[in-house]
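Asks: As given, the protein sequences belong to chains A and B, one line each in that order.
Be aware that the first sequence starts at 209, since it is given in the numbering used here, and climbs by one per residue.
Be aware that the second sequence starts at 209, since it is given in the numbering used here, and climbs by one per residue.
Rather than coming from a laboratory, the hints here were simulated on the basis of the structure.
Bear in mind the structure is a predicted one, so any value in this text is a computation, not a measurement.
Backbone N, C-alpha and C define an ideal beta-carbon position, used for all residues, glycine too.
Warning: the hint list may mix true and false statements.
[Unchecked claim] With the C-beta cut set under 8 Å, the calculated list includes, among others, these residues of chain B facing chain A:
1. M264
2. G265
3. R267
4. D384
5. F470
6. R507
2 protein chains.
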Amino acid sequence: METHVEGETVRVGHTGREQFYDARGYGHPVDGELSLSRVETAHLLYRGDIDSVDGMGFREFLATEDGLASRFLVYKDLRDRGFYLTPAREAWVDDPDGIDFVVYPRGDGPWDDTVAYRVRVVAERDPVPAADLGDVVLAVVDEESELTYLETSRPEVSGTAAEPPEHGTDAVLLDDRAVVWEPPERLHAAAFYGQPLDDDRTAVQLSLVEGAYLAAQGVLSFPGGRESVLELGRDAEGDRFDRRLAVYTALRTSGVVPKTGFKFGAEFRTYADISSVEELGHSERLVRVLPTDHTFAPRDLSLDIRLAHGVRKEMVFAFTDGIGHEPDASADVEWLSVQRLTP
Amino acid sequence: METHVEGETVRVGHTGREQFYDARGYGHPVDGELSLSRVETAHLLYRGDIDSVDGMGFREFLATEDGLASRFLVYKDLRDRGFYLTPAREAWVDDPDGIDFVVYPRGDGPWDDTVAYRVRVVAERDPVPAADLGDVVLAVVDEESELTYLETSRPEVSGTAAEPPEHGTDAVLLDDRAVVWEPPERLHAAAFYGQPLDDDRTAVQLSLVEGAYLAAQGVLSFPGGRESVLELGRDAEGDRFDRRLAVYTALRTSGVVPKTGFKFGAEFRTYADISSVEELGHSERLVRVLPTDHTFAPRDLSLDIRLAHGVRKEMVFAFTDGIGHEPDASADVEWLSVQRLTP
């Protein structure tokens with residue numbers, strides 16, 4: 209079969225269209241002929257369906273473009289899994305920006321108006337701006353050419369947690385925590401703020417984030433006011449404290465209870481439905497707080513997602529610049545869920 | 209009972225010595241009297257064994273020193289778990305540097321010459337220099353005052369992996385990987401280098417670290433020589449590539465097989481005993497590669513250790529400056545194992 213490279217495209221004639229597009233979903237038909245992308249061409253060369261392109265076999269052809277080998281591995285893997293897919297190019301697919309492939313549901317192909325996944329191929333070392341995620345599947349090619357698929361989406365954040373307890377309880381700062389020596393019972397037992405100093409004592413210890421939130425709500429009064437809590441938090445953590453407080457506030461405002469995620473290496477673990485501490489279930493999500501302009505390293509993403517998966521929680525990233533951590537400004541947080549996917 | 213503060217020490221008289229030291233292992237006896245540290249005093253106040261010190265009750269006393277509240281929580285927790293422990297001070301314990309407490313085996317006390325744990329208390333936000341670890345237990349107090357114990361030690365790194373295969377096989381670079389189109393069978397099957405491009409193909413893909421190591425060993429020949437592999441690796445990763453290569457080399461030299469740890473967010477997972485790929489067992493360790501002057505954030509440590517625990521692997525940190533990545537310089541790597549501990 210006659211094939212030759214024209215810029216980004218490999219052209220094959222009428223026979224190719226029947227054999228490759230009509231029968232197996234390769235390429236994009238133009239005027240009765242067929243245009244193939246390089247990655248599709250590499251796959252046809254690999255399979256032996258095409259012998260050579262302009263004199264090049266599979267090995268030589270794979271080296272003709274930067275990144276082609278990684279894209280080939282993902283293309284081949286998805287084909288091996290029984291999918292048809294189309295390289296994302298203007299006029300070939302809708303909305304090709306930011307992705308490499310449109311993958312059709314199994315059994316469907318480019319002639320159907322259906323989409324299973326929008327896939328972006330990244331190498332293990334490629335930085336991935338958070339702003340690019342939310343509606344794509346990342347196909348990460350690691351340094352040993354193994355593949356990991358990560359599905360990104362925008363989660364709903366809402367729960368049914370109780371309102372904070374009555375106002376005006378005295379609290380103090382002690383090192384880097386807040387302590388309420390004589391707390392109202394609901395503070396911990398119903399609303400799950402802080403934790404008791406001991407099983408048989410009434411005193412409740414709270415994190416500075418909990419303390420700052422409850423001070424803003426008027427629930428706790430500190431000798432130095434709410435500012436003294438913010439000051440201590442910022443001394444220890446800088447802007448990160450404001451970001452965490454913004455996310456904490458957004459979660460509580462949505463009826464979700466955040467508790468420390470330290471044991472999981474995250475900022476928070478969250479409970480959407482709590483009626484009392486005695487009936488505390490399993491926390492559903494881990495939340496990592498990041499600045500809005502954050503760029504992920506795929507390895508860090510992999511670490512978070514693997515851990516969350518292992519403890520049966522959903523990994524959620526919360527992006528905020530920390531401005532507007534007052535309770536009425538919770539809309540300044542954006543949420544991103546990332547989960548492993550087996551296509 | 210008469211008690212009063214003298215600098216860092218709280219003094220109680222002869223009765224106190226019998227009641228607190230002889231019977232329950234508090235403090236350090238001096239001339240028939242007893243010296244108590246602040247954290248011990250806080251615990252005795254908390255229990256009601258002492259009513260007040262210079263007019264202060266438990267709440268007031270706990271605020272008299274920075275960090276006392278965190279140390280108190282750890283001291284109390286270890287006491288609750290049935291241990292006697294002594295604050296680390298010159299003349300009170302051997303080698304008090306870098307730790308807060310010496311914990312005795314259950315049933316033993318300060319009058320015995322035994323040690324169960326040497327404990328260092330850190331708050332969640334305290335940076336922990338890697339150089340301080342290796343023979344201590346970290347007691348991390350998180351922002352909600354929950355405790356996590358992390359045991360640090362120096363692991364043995366050795367295995368029985370096969371020698372590299374015969375010399376002089378041709379390899380090429382393709383994007384950010386190496387490919388051996390016609391590999392000797394032992395390359396992957398016996399020595400577990402790289403991975404096959406496909407189940408029914410002979411071609412083997414290798415990471416750049418594997419490629420650089422095998423080029424140094426004379427096993428692989430690249431058109432641009434070993435330097436071309438190093439150059440590509442350094443372009444992508446900078447110094448990190450040299451550090452990873454140094455650790456890879458040290459592991460292989462010790463008979464251990466490193467493979468990518470990407471799915472676990474680590475640099476490598478390792479196999480100590482491999483006779484063939486068919487009988488590949490479970491990898492035993494995850495290895496994270498860090499510069500020698502690295503300082504840990506406790507939360508990052510917690511993330512790594514929690515993940516490793518969840519997948520039943522040991523978390524090992526490898527410290528190197530990346531100088532001396534030639535195979536004969538493997539001694540430049542220091543190893544640190546960190547595991548969760550329930551005292």
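Asks: Indicate, hint by hint, whether the structure satisfies it.
Replies: Here is how each hint holds up against the structure:
1. M264: 14 Å, violated
2. G265: 11 Å, violated
3. R267: Holds: closest Cβ of chain A sits about 6 Å from B:R267, inside 8 Å.
4. D384: 6 Å, holds
5. F470: 4 Å, holds
6. R507: Result: holds, 6 Å to nearest chain A Cβ.
In summary, the structure is inconsistent with hints 1 and 2 from the numbered list given earlier, while agreeing with the others.
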